[in-house]
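Number of protein chains: 2
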Amino acid sequence: MHCTKKGVAALLVISPLTALLFYHWTSYRVTSINIQQGPVSLKVLLEERIQNPHPKNDHIPYRIKESISKSLTINGCVCEADKPVMKFPFSQLLFPQVSATQLHAIFTDSVLQKAKKYRNQEYQRYRKRESTAADSLILSEANSPLQYPTQGVEVRPTRTILIPGKSLLANNEIPHHVHLTASLGTFNIAAQVDGVKVSGEGEMQVHLMSPSLALLNRQLEFVTYTNTRFHPNTADVVQFKAGVFQASFTIKIRHPTMPKFYNPGPNQEYNVSTLVTIATKTFLRYDKLQDLIDSIRQFYPMVTIIIADDTKEPKPVTGPYIQHYIMPFGKGWFAGRNLAVSQVTTKYVLWVDDDFIFTSSTKLEKMVDLLEGTTLDLVGGAVREVTGYTATYRHILTTDAGDDEGDCLHIRTGFHHDIEGFPGCVITDAVINFFMARTEKIQQVGFDPRLARVGHLAFFIDGLGSLHVGSCDDVIVSHASKIKAMLPWGQSEIDEAYSKFRYHSNQESSVNEYDLYYLKNHFKCVTSD
Amino acid sequence: MHCTKKGVAALLVISPLTALLFYHWTSYRVTSINIQQGPVSLKVLLEERIQNPHPKNDHIPYRIKESISKSLTINGCVCEADKPVMKFPFSQLLFPQVSATQLHAIFTDSVLQKAKKYRNQEYQRYRKRESTAADSLILSEANSPLQYPTQGVEVRPTRTILIPGKSLLANNEIPHHVHLTASLGTFNIAAQVDGVKVSGEGEMQVHLMSPSLALLNRQLEFVTYTNTRFHPNTADVVQFKAGVFQASFTIKIRHPTMPKFYNPGPNQEYNVSTLVTIATKTFLRYDKLQDLIDSIRQFYPMVTIIIADDTKEPKPVTGPYIQHYIMPFGKGWFAGRNLAVSQVTTKYVLWVDDDFIFTSSTKLEKMVDLLEGTTLDLVGGAVREVTGYTATYRHILTTDAGDDEGDCLHIRTGFHHDIEGFPGCVITDAVINFFMARTEKIQQVGFDPRLARVGHLAFFIDGLGSLHVGSCDDVIVSHASKIKAMLPWGQSEIDEAYSKFRYHSNQESSVNEYDLYYLKNHFKCVTSD
Numbered sequence: 008m009h010c011t012k013k014g015v016a017a018l019l020v021i022s023p024l025t026a027l028l029f030y031h032w033t034s035y036r037v038t039s040i041n042i043q044q045g046p047v048s049l050k051v052l053l054e055e056r057i058q059n060p061h062p063k064n065d066h067i068p069y070r071i072k073e074s075i076s077k078s079l080t081i082n083g084c085v086c087e088a089d090k091p092v093m094k095f096p097f098s099q100l101l102f103p104q105v106s107a108t109q110l111h112a113i114f115t116d117s118v119l120q121k122a123k124k125y126r127n128q129e130y131q132r133y134r135k136r137e138s139t140a141a142d143s144l145i146l147s148e149a150n151s152p153l154q155y156p157t158q159g160v161e162v163r164p165t166r167t168i169l170i171p172g173k174s175l176l177a178n179n180e181i182p183h184h185v186h187l188t189a190s191l192g193t194f195n196i197a198a199q200v201d202g203v204k205v206s207g208e209g210e211m212q213v214h215l216m217s218p219s220l221a222l223l224n225r226q227l228e229f230v231t232y233t234n235t236r237f238h239p240n241t242a243d244v245v246q247f248k249a250g251v252f253q254a255s256f257t258i259k260i261r262h263p264t265m266p267k268f269y270n271p272g273p274n275q276e277y278n279v280s281t282l283v284t285i286a287t288k289t290f291l292r293y294d295k296l297q298d299l300i301d302s303i304r305q306f307y308p309m310v311t312i313i314i315a316d317d318t319k320e321p322k323p324v325t326g327p328y329i330q331h332y333i334m335p336f337g338k339g340w341f342a343g344r345n346l347a348v349s350q351v352t353t354k355y356v357l358w359v360d361d362d363f364i365f366t367s368s369t370k371l372e373k374m375v376d377l378l379e380g381t382t383l384d385l386v387g388g389a390v391r392e393v394t395g396y397t398a399t400y401r402h403i404l405t406t407d408a409g410d411d412e413g414d415c416l417h418i419r420t421g422f423h424h425d426i427e428g429f430p431g432c433v434i435t436d437a438v439i440n441f442f443m444a445r446t447e448k449i450q451q452v453g454f455d456p457r458l459a460r461v462g463h464l465a466f467f468i469d470g471l472g473s474l475h476v477g478s479c480d481d482v483i484v485s486h487a488s489k490i491k492a493m494l495p496w497g498q499s500e501i502d503e504a505y506s507k508f509r510y511h512s513n514q515e516s517s518v519n520e521y522d523l524y525y526l527k528n529h530f531k532c533v534t535s536d
Numbered sequence: 008m009h010c011t012k013k014g015v016a017a018l019l020v021i022s023p024l025t026a027l028l029f030y031h032w033t034s035y036r037v038t039s040i041n042i043q044q045g046p047v048s049l050k051v052l053l054e055e056r057i058q059n060p061h062p063k064n065d066h067i068p069y070r071i072k073e074s075i076s077k078s079l080t081i082n083g084c085v086c087e088a089d090k091p092v093m094k095f096p097f098s099q100l101l102f103p104q105v106s107a108t109q110l111h112a113i114f115t116d117s118v119l120q121k122a123k124k125y126r127n128q129e130y131q132r133y134r135k136r137e138s139t140a141a142d143s144l145i146l147s148e149a150n151s152p153l154q155y156p157t158q159g160v161e162v163r164p165t166r167t168i169l170i171p172g173k174s175l176l177a178n179n180e181i182p183h184h185v186h187l188t189a190s191l192g193t194f195n196i197a198a199q200v201d202g203v204k205v206s207g208e209g210e211m212q213v214h215l216m217s218p219s220l221a222l223l224n225r226q227l228e229f230v231t232y233t234n235t236r237f238h239p240n241t242a243d244v245v246q247f248k249a250g251v252f253q254a255s256f257t258i259k260i261r262h263p264t265m266p267k268f269y270n271p272g273p274n275q276e277y278n279v280s281t282l283v284t285i286a287t288k289t290f291l292r293y294d295k296l297q298d299l300i301d302s303i304r305q306f307y308p309m310v311t312i313i314i315a316d317d318t319k320e321p322k323p324v325t326g327p328y329i330q331h332y333i334m335p336f337g338k339g340w341f342a343g344r345n346l347a348v349s350q351v352t353t354k355y356v357l358w359v360d361d362d363f364i365f366t367s368s369t370k371l372e373k374m375v376d377l378l379e380g381t382t383l384d385l386v387g388g389a390v391r392e393v394t395g396y397t398a399t400y401r402h403i404l405t406t407d408a409g410d411d412e413g414d415c416l417h418i419r420t421g422f423h424h425d426i427e428g429f430p431g432c433v434i435t436d437a438v439i440n441f442f443m444a445r446t447e448k449i450q451q452v453g454f455d456p457r458l459a460r461v462g463h464l465a466f467f468i469d470g471l472g473s474l475h476v477g478s479c480d481d482v483i484v485s486h487a488s489k490i491k492a493m494l495p496w497g498q499s500e501i502d503e504a505y506s507k508f509r510y511h512s513n514q515e516s517s518v519n520e521y522d523l524y525y526l527k528n529h530f531k532c533v534t535s536d
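Each protein sequence line maps, in turn, to chains A and B. Oh and the first sequence: position 453 is 460 in my numbering, straight run, nothing missing. Oh and the second sequence: position 258 is 265 in my numbering, straight run, nothing missing.
Think of the hints as simulated: they come from the structure by calculation, not from any bench. Please note that a few of the clues may not be correct.
One copy or two, either will do: identical chains are not told apart, so a pair holds if it fits within one copy or between any two.
Cross-link-like lysine-lysine pairs, in silico, DSSO-like; alpha carbons within 30 Å at most [stated by the list, open to error]:
hint : residue 1 : residue 2
1    : K373      : K135
2    : K72       : K90
3    : K72       : K248
4    : K448      : K135
5    : K121      : K448
6    : K248      : K204
7    : K370      : K295
8    : K204      : K77
Make a model of the complete structure from these sequences and hints.
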């Protein structure tokens, strides 16, 4: 009795523990993966199959069409300045010449060697992180009995999908066989068709066989793919084989881009104050800042204004809907811009300089309409000087793939297209420093705090591929007069201190934008007009 | 003489002006585009072609394999809680049950209707901005004489490329014809092959014809595509036709992702101080903050520490390599985190709470090694309480596509895989609040300033698809004791004020993370264990 009681007690303790252990042991299938390499083997696999489709045609001659072939950048890129045709007064203004800067030239030799080595190493690692099998060239071969999806097959990580559109048209082998192979997931079948033998369910290679083509194709409709090797954004290559015929296609494995919507709130109207935050950066010029605020309040009394301030001895800036942030002294314009936009909680953010003045031409509603009604992410306006001269600073930015030395950046004044339905507005790549943008997009691109005060275009270059940019010439803000401040006898003490800091200061820790084009963005040269 | 002089003078003035006008007129080919619609027509075009490949097989029966077919989320998703099997002490701890939250239930009816309407509108616009023809399903048809590239063809906006891999195998028509059609660009030829007639050069449709198949295929090698309708990130669909046979493939039109490298600087060594910035947020707890700083300095005397501070009456925090930012009172933890990371100028940023203590187990070098040597973007460590209990807070986040009501979010404790070569480290989706990350990635995802103090996982959910996350259990930071602060008689005045603000404050302007899952991220429900 004594032993039995102890035995029962022991059992009562051990059984749940065993059950618990068993439960955890069967739920965990811990596998180990190597994430140092990147998808090298898949790329090699694909490239082996892309051979010159008709090497036997190589002997057929051709005549090069210069005008087209010179626009192909096959073996790298160059930055070439225009050769000056003739020089006369205002020639640069009337016929702007393109200049070229070779970026390596801004570094001393010893610094350059070290920078190049570091940059190349970073570039290799970056390629491993960014490339997937979905970028590789795949060809669909002619006269193949295989049908399969070439694009559009996606699965969320660790999930399962049916693979659409696979089938086999008649071939000579009986019974009919097909093989499917993958590397980052396994195959299975969601339903069984009688008369088809399936082997390899739950494996990375599955084999289907049937004497009947119709039955085989019906079974193919039910083949599933499950991602088993986790990665948040990658692609698997599926090999689809029947006899001597083989095809490859990719399955993207990724979470879709996460939406990041803004909502004006349950009790709020849909207007500039609930949709837009105004952001600015200030340094010393509190009088101009106050003029800006007063001018905004004439038209938008309730819009939130965020101010980033890196003045040495900051003064308070107060008022309804004012948010004032104090930074360490002299952190700079880019750091200030990045700070200000990091605090925005509305759908759009409007960037202004602290010496702008709002007028009745500063119709923010027009910018909101454009952003609400189109696929644009950012819309620039126009800045009017006291002279009446109004600037939109529209620029086109293009790049060409280069070599180990880097890529080529080309900057030109201009724009791509007019925008239908929005007169006075165009599509471009860079705009003046008065613009409204979708908050999540501007936060994604960011203003690089490594830059101090110069480098307006650096933001737009960082945004290439991410930002769809527009510009309207009829949303106009005025620029407070600089004339007085530029005359030696017209400068107040503040103007003098400001000017000294902004234009003549040597901050050790800041870099200029050309350094960053080379070191950060992997360019080797720049042309601009 | 008099007239001639005037005439000559007039000519001297008018000619350059005319030349100028002519120059500008010929350089500007301004076209207008509609950017309101998104690529609807291309999608429809493709979907018409994806028909059930073998509707004649529909009569063939099949037997469903439950275990596989239930994991397919074909018609939306659901969030289901586990049914409790049995309840006993510690049952939730030993056998965690999954709970489910239907997000619409957190809103009142009137608020919900308005929110849904707004969110649906945002979602439609978002789809127009984000989708391109490169996402659509395309099938490669069997037994087609056409060979063409199915993936990997890319052109930078406004640039020109050769289209690789196109050719035609024998078909019955003589002479042989092929047509190529596009919507966002034009075709041309980089070289002419004699014996082939080409029409439509420079147009959106080109036609090649030749009595000889070999000559036609040689000419096809030289066909170019030029993007003419600008968009920073889109895709064109090319139709490739020969007689009754037709194939579609896409050409991606985009700038490649812009690299954003960091460089320690020409005279700097490659170590934690040059690669890492430590970022934290503080409120009231200056004593704890100072303990943190002192403990960091024991091991890393020169690493930069950025402090975001939203205390009501902030005190100065000074010292070498300290950057102290003052925020408006009570902006919150997320706003503070977003501010702090917006200011980082090093390659990596380490997030810490202001009440952590560094010890000899806080080896940041290990996190740097992992980030330098793998494709990870973020690595979490472990936080040790005074009791000795150490937490890594690893969570797996998965999502399923839903319906108009939204998608489904599933949160589970755990991880995906061990990491080869890094014992103690795993791949996961969310980690504890002590992590090191690539600066450009953490800035891209961002901490949403709309959240005030709660919602740790919200950051990782925003990062789904963007962040590759790891966790190591042997990089440990200590958590300053909370025990004293939690006992009523142990609280200092500061602890009391802190506690009151953090745990009991009702900020009108802040939202909690469930609001955002619904309104911002388009989820309808959440399950978690």
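Hint check results:
Proximity of K373 and K135 under a CA criterion of 30 Å is satisfied inter-copy only: 21 Å between copies versus 43 Å inside one chain copy. For a Cα distance limit of 30 Å, the shortest separation of K72 from K90 inside one copy, 24 Å, qualifies, whereas the shortest one across copies, 72 Å, does not. Taking CA atoms no more than 30 Å apart as the test, K72 paired with K248 passes between copies only; the shortest distance there is 24 Å, against 41 Å inside one copy. When the C-alpha separation of K448 and K135 is checked against a cutoff of 30 Å, the pair qualifies both within a copy, at 25 Å, and between copies, at 15 Å.
Taking the shortest Cα distances, K121 and K448 sit within 30 Å of each other only across copies (25 Å), while inside one copy they are farther apart (34 Å). With identical chains, the CA atoms of K248 and K204 are at most 30 Å apart within one copy only, with a shortest distance of 16 Å there and 37 Å across copies. Taking the shortest alpha-carbon separations for K370 and K295, only the intra-copy value of 21 Å comes in at or below 30 Å, while the best inter-copy value is 48 Å. In the homo-oligomer, the alpha carbons of K204 and K77 lie at most 30 Å apart only across protomers (22 Å), although the nearest pairing inside one protomer, at 56 Å, exceeds that limit.
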